[in-house]
Structure formats: structure tokens, C-alpha cells
Amino acid sequence: SAVISQKPSRDICQRGTSLTIQCQVDSQVTMMFWYRQQPGQSLTLIATANQGSEATYESGFVIDKFPISRPNLTFSTLTVSNMSPEDSSIYLCSVAGRGYEQYFGPGTRLTVT
Amino acid sequence: AQTVTQSQPEMSVQEAETVTLSCTYDTSENNYYLFWYKQPPSRQMILVIRQEAYKQQNATENRFSVNFQKAAKSFSLKISDSQLGDTAMYFCAFMKPYFGNEKLTFGTGTRLTIIP
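Chains B and H, in that order, give the protein sequences. The first sequence stops at residue 173 when you use our numbering, and every number in between is there. The second sequence stops at residue 269 when you use our numbering, and every number in between is there.
Chain H on its own, in the form it takes in the complex (with noise of 0.2 Å):
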């Protein structure tokens, strides 16, 4: 079974700054798909990233970039210029496509505060 570990349980950032939020994962899968969600206060998850691991390109979303780094099994999110609006939990989920039964396998999520 695949898990998913986030480490850091909460970060702060200063508006403006680049904050990093670690991910890593456990698989003996060789295609699959990893994502960064974000949750705000209002509960809405919205899909902030995607990533196919058979491509070597880092994902990037405006603000939103990932670095992945597949031997290490490691998968992180940073993001840039951080705006008030960033203030979320954030949680990195992996996902193996297999027909009928493709779902999610989220961390434990990080609760990320950006600071005015």
C-alpha cells in the first residue's frame, strides 16, 4: 500500500516570502500521479498542482511550483511571493490510475499561515 508523509505539521511565512512544504511518499508503483491540495478555513479542497511521474518537468502554477525528485520519492511545494489568500492546510496526495478504483491517497497534511 502506498502512504503518504507530510513532516511538518505547521509552517508560517511573512507575505511576500517563498515558504516550502515537504512531501514523501512510499511506492513500488513506476507510473502514478501526486498532487497538492489545498483546504481553507472554508473547507473547499481545491487542486492546486499536479504531477506525472513519468515526467522528469517540474509542474508549476503561476506562484505554485513543485520539486520532484523521483529516486528520493520526494515531492514538495513551494510557493512563491505568498499572499494572505495561501492561508490553508495543504495536503500532498498520490494516486496510482487503475480503472475503477483510482483514488486518493492523501498525507496528513501541513497548516500553512502566511503572517501580514
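One chain only, chain B, in its complex shape (with noise of 0.2 Å):
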């Protein structure tokens, strides 16, 4: 299993603001994924980032609000732009493994006040 960190691992941030946070991974992957979890909910996939290509976003999530860079194979950050207190939650970063499994980040938990 991969071994990934993320950064922040919590900040309090004012409305109308930007955060960038960041994942790593200590292994090359292709995919890697960005979810969000609102309090009390279960996760919701934002976008798919593979090296080298546009992140493919979901339904109901647009890259002007959470744009994603991969720069390589180990790397990706997600920025939560022009945050609304409705933007509170745990952002969680994953890579697939070779079984089709996705490994977990620790998380990112952000408030918006």
C-alpha cells in the first residue's frame, strides 16, 4: 500500500479566501482523487487528476472553484477557491492500487468562517 501525507492537516480560513492543499505519495501512481466529506456525510468524489491531462471533474464540481495541478507521477494539490462557510469539511486525497483498492490520505479538515 502507498504511504500519503497531506498538507494542512486542519486551517481555519475566512470566507472569501483560497486554500491549496497538498498530497504526496511515496510511489509513482497514475490516478490519483480528490474527495470531500461534509460533516456527518460520507465522501463525495471531486475530480480524478491524472499526470499530464485536465482533472476530470464530477457532476456538481467545477474547476473554477477547486482547480487541481498534478505537476508529476507523486504530487497533486486541490484549491478550494473563493471559500463559503458551506465549503467545511475534510478534503481527503487517494491513489488506486494495483487491486483496484484506493489508499487514503489522512485528510485535510478545513473551517471557513
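What the hints contain is simulated information worked out from the structure, not anything from laboratory work.
Cut-off 20 Å, straight-line C-alpha distance, at most; resulting in silico cross-link-like pairs (EDC-like, lysine to aspartate or glutamate): (1) K226/H to E182/H; (2) K249/H to E161/B; (3) K249/H to E182/H; (4) K208/H to E182/H; (5) K223/H to D179/H; (6) K208/H to E161/B; (7) K223/H to E182/H; (8) K249/H to E118/B; (9) K125/B to E146/B.
Got two chains here, each in a separate frame; can you build the complex from them with the hints?
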């Protein structure tokens, strides 16, 4: 299994600002995923990030709000732009394993005031 | 679109007992994967067990086993000899293998509490 780290682990931000979350993997992976987990809820996929191509966004998520970078096979960033209190969530990145399972980072807890 | 349903929002069981968490899903696909993930209060998502739809044999991982009923679209998780460390949210997840878009669809979760 891959070892995944995320920065920051938590943050408190003011509305209208942006936060960039970093995801680092200890091995090269083709696909990385970004999920949102709203308070007390399940996980919802935001987008899939493949190295060398544009991220693929799920319905309800747009690039202007959640721009993603994938500069190499071990790193990705997710930016939450122009934040509002509704963006308060845990944001998790994951990578695909060989058997189609996914391994998750520890998550970033974001609170927007 | 695939949907995953977990009908038990919360469960509790005495330590050392056996507990079964339910999961049903809806899909028209024949080839897919099912997973159970555990999320303790630390919020780290941990893979518990994986089942491939084309395999009839139920997956097992130590104290964790599944009852996979493909025709009924049911995928329950059995935890034997439950331990305090099993206290967590448990999510059932579905994945259709499709290169470049192998996303997980999660159920709403079951909060499991192991009582000492």
C-alpha cells in the first residue's frame, strides 16, 4: 500500500479566501483522486487527476472552484477557491492500488468562518 | 449510475461479540469491485476488505469477512471477536473498473461502537 501525506492537516480560513491542499505519495501513481466529506456525511468524489492531462470533475464540481494540479506522478494539489462556510469539510486525496482499491491520505479538515 | 445503500446508521455490540453490517447496491454492471472501509475518529480511511464480483468465494481478512450475494446485490461485513479498536464509521463502496475513471461510490456509512 502507498503512504500518503497531506498538508495542512487542518486550517481555519475566512470566507472569500482560497486554500491549497497538498497531497504527496511515496511512490509513482497514475491516478489520484480528491474527495470531500462534509460534516457527518459520506465521501463524494470531486475529481480524478491524471498526470499530464486535465483533471476530470464530477457533476456539481467545477474547475474554477476547485482547481487541481498534477505536476508529476507523486504529487497533486487541490485549491478551494473563494471559500464560503458551506466549503467546511474534510478533503481527502487517494491513489489507486493494483487491485483497484484506493488508499487515502489522512485528510485536511477545513473550517470556513 | 450506481448507488450504495447502508440501512443501519448506527450499531453497537459488546466486546468479543460478532456483528454484521449491511450493504446493498444497485448496478447493471457485471464486472465490478466492492470494498469496506473503516474511518476511526482519527478520520483516516482504512481499507478493510475487497471483493471482486467475478469471484464467488467470499473474501476474508483475519476477523473480517463478507457475505457477497451477487444476485441479491448484497455485500455485508461480518466482524468476529469484536475489539474496542473496531469502533469507527464503516463505509461500503462500489467501483466499476474503467481506465481513467475508477471512482469509488460510497454508502452513507454505519457508525459502529464496541462496548467494553
